[in-house]
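*Asks:* Here are the chains, one letter per residue:
There are 2 protein chains.
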Amino acid sequence: MKQVIVVNEALLLPRGKLAAQVAHAAVDALTCAPAKIQQAWFAQGMPKIVLKAESEAELLQLETLARKAGLPVALIQDAGHTVVKAGTITCLGIGPANAEAIDAITGQLKLLK
Amino acid sequence: MKQVIVVNEALLLPRGKLAAQVAHAAVDALTCAPAKIQQAWFAQGMPKIVLKAESEAELLQLETLARKAGLPVALIQDAGHTVVKAGTITCLGIGPANAEAIDAITGQLKLLK
Numbered sequence: 000m001k002q003v004i005v006v007n008e009a010l011l012l013p014r015g016k017l018a019a020q021v022a023h024a025a026v027d028a029l030t031c032a033p034a035k036i037q038q039a040w041f042a043q044g045m046p047k048i049v050l051k052a053e054s055e056a057e058l059l060q061l062e063t064l065a066r067k068a069g070l071p072v073a074l075i076q077d078a079g080h081t082v083v084k085a086g087t088i089t090c091l092g093i094g095p096a097n098a099e100a101i102d103a104i105t106g107q108l109k110l111l112k
Numbered sequence: 000m001k002q003v004i005v006v007n008e009a010l011l012l013p014r015g016k017l018a019a020q021v022a023h024a025a026v027d028a029l030t031c032a033p034a035k036i037q038q039a040w041f042a043q044g045m046p047k048i049v050l051k052a053e054s055e056a057e058l059l060q061l062e063t064l065a066r067k068a069g070l071p072v073a074l075i076q077d078a079g080h081t082v083v084k085a086g087t088i089t090c091l092g093i094g095p096a097n098a099e100a101i102d103a104i105t106g107q108l109k110l111l112k
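If you're matching them up, the sequences are chains A and B in order. Positions 0 to 112 (numbering that gives the first Met the number 0) are the ones given, in order, by the first sequence. Positions 0 to 112 (numbering that gives the first Met the number 0) are the ones given, in order, by the second sequence.
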């Protein structure tokens, strides 16, 4: 079990803004998962990985694939009060779900360091 | 209603690491909140603020105050596989809870930008 959050790194969001958006994706995607999956993920220490994509288009493609695979998905758009334009897609949360099912979609992405 | 995550900025964590730790705090603190509070926070769009503290000691003080106030609290220690020493306290999640109750504890802290 794991959860992955993919960041739109084209935006180069500042650290605090990025962290808030990733947290938003993590919570939102979690609420889309069945209770049994949530519990299993909690029991494993809630493993969570932050990856990077190069564009909004790439995030939308990943979202489509994840939805087709039946995984919990949350696409995060910023309200745009501060750093970015309203409606900007900042990140995508996938899971918690089976790690192999997620890797089939995000396995080629690099870790955000 | 809101949730606050306070980051140990003495560590100057890299962006990806920071985002993962903040997401961890957000989910963990959420699970400590009563279901009714969780629902009310969801209904309001899950407002979430990332603030900064200057040291681990400051995070521990804030944790004590938040626990005394009966707020949902999650203190996050890193497993230490990569960037920091195992057991390092990276951040503190408080809430979701009444915004005024949280502000009484974190109101003097600055936004992490």
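By construction, these hints were calculated from the structure, which means they are not laboratory data. If you're wondering where the values come from, they're calculated on a predicted model, not measured in any experiment. Some hints here could point you the wrong way.
Just so you know, same-sequence chains aren't split out, so a pair can sit in one copy or run between any two.
To be verified - Calculated cross-link-like contacts (lysine-lysine; reagent style PhoX-like; alpha-carbon spacing at most 20 Å): (1) K51 <-> K16; (2) K112 <-> K35; (3) K16 <-> K1; (4) K67 <-> K16; (5) K35 <-> K109; (6) K109 <-> K84; (7) K1 <-> K84; (8) K35 <-> K84; (9) K67 <-> K1; (10) K84 <-> K67; (11) K112 <-> K84; (12) K1 <-> K112; (13) K67 <-> K112; (14) K109 <-> K67; (15) K35 <-> K16; (16) K51 <-> K1.
*Asks:* Within a copy, between copies, both or neither: where do K35 and K109 come within 20 Å Cα-Cα?
*Replies:* Neither. Shortest intra-copy (29 Å) and inter-copy (38 Å) distances fail the 20 Å Cα cut-off.
*Asks:* How would you label the pair K1, K112 (within, between, both, or neither) given a Cα cut-off of 20 Å?
*Replies:* Only inside one copy: K1 and K112 sit 18 Å apart there, 28 Å across copies, limit 20 Å.
*Asks:* Have a look at K67 and K112 and pick one of within, between, both or neither, based on CA distance no larger than 20 Å.
*Replies:* So K67 and K112 fail the 20 Å test inside a copy (29 Å) and across (36 Å) alike.
*Asks:* If the cut is 20 Å between Cα atoms, do K1 and K84 qualify within a copy, between copies, both or neither?
*Replies:* Answer is neither: 31 Å inside a copy and 23 Å across each miss the 20 Å cutoff.
*Asks:* Between K109 and K67, at a C-alpha cutoff of 20 Å, which is it: within one copy, between copies, both, or neither?
*Replies:* neither (22 Å within a copy, 41 Å between copies)
*Asks:* How would you label the pair K35, K16 (within, between, both, or neither) given a Cα cut-off of 20 Å?
*Replies:* For K35 and K16, the Cα distance exceeds 20 Å both inside one copy (31 Å) and across copies (28 Å).
*Asks:* At 20 Å max between alpha carbons, let me know whether K112 reaches K35 within a copy, between copies, both or neither.
*Replies:* neither (31 Å within a copy, 36 Å between copies)
*Asks:* Between copies, within a copy, both or neither: which fits K109 and K84 at Cα up to 20 Å?
*Replies:* neither (26 Å within a copy, 23 Å between copies)
*Asks:* As a check of your reading, is K67 near K16 (CA-CA no more than 20 Å) within one copy, between copies, both or neither?
*Replies:* Neither way: K67 and K16 sit 29 Å apart in one copy and 29 Å across, limit 20 Å.
*Asks:* Give the relationship of K16 and K1 under a CA distance limit of 20 Å: within one copy only, between copies only, both, or neither.
*Replies:* between (23 Å within a copy, 16 Å between copies)
*Asks:* Give the relationship of K35 and K84 under a CA distance limit of 20 Å: within one copy only, between copies only, both, or neither.
*Replies:* neither (37 Å within a copy, 33 Å between copies)
*Asks:* Can you give me the call for K84 and K67, within, between, both or neither, at a CA distance of at most 20 Å?
*Replies:* This pair counts as neither: shortest intra-copy Cα distance 29 Å, inter-copy 39 Å.
In this structure, the hints that do not hold are numbers 2, 4, 5, 6, 7, 8, 10, 13, 14, 15, in rising order.
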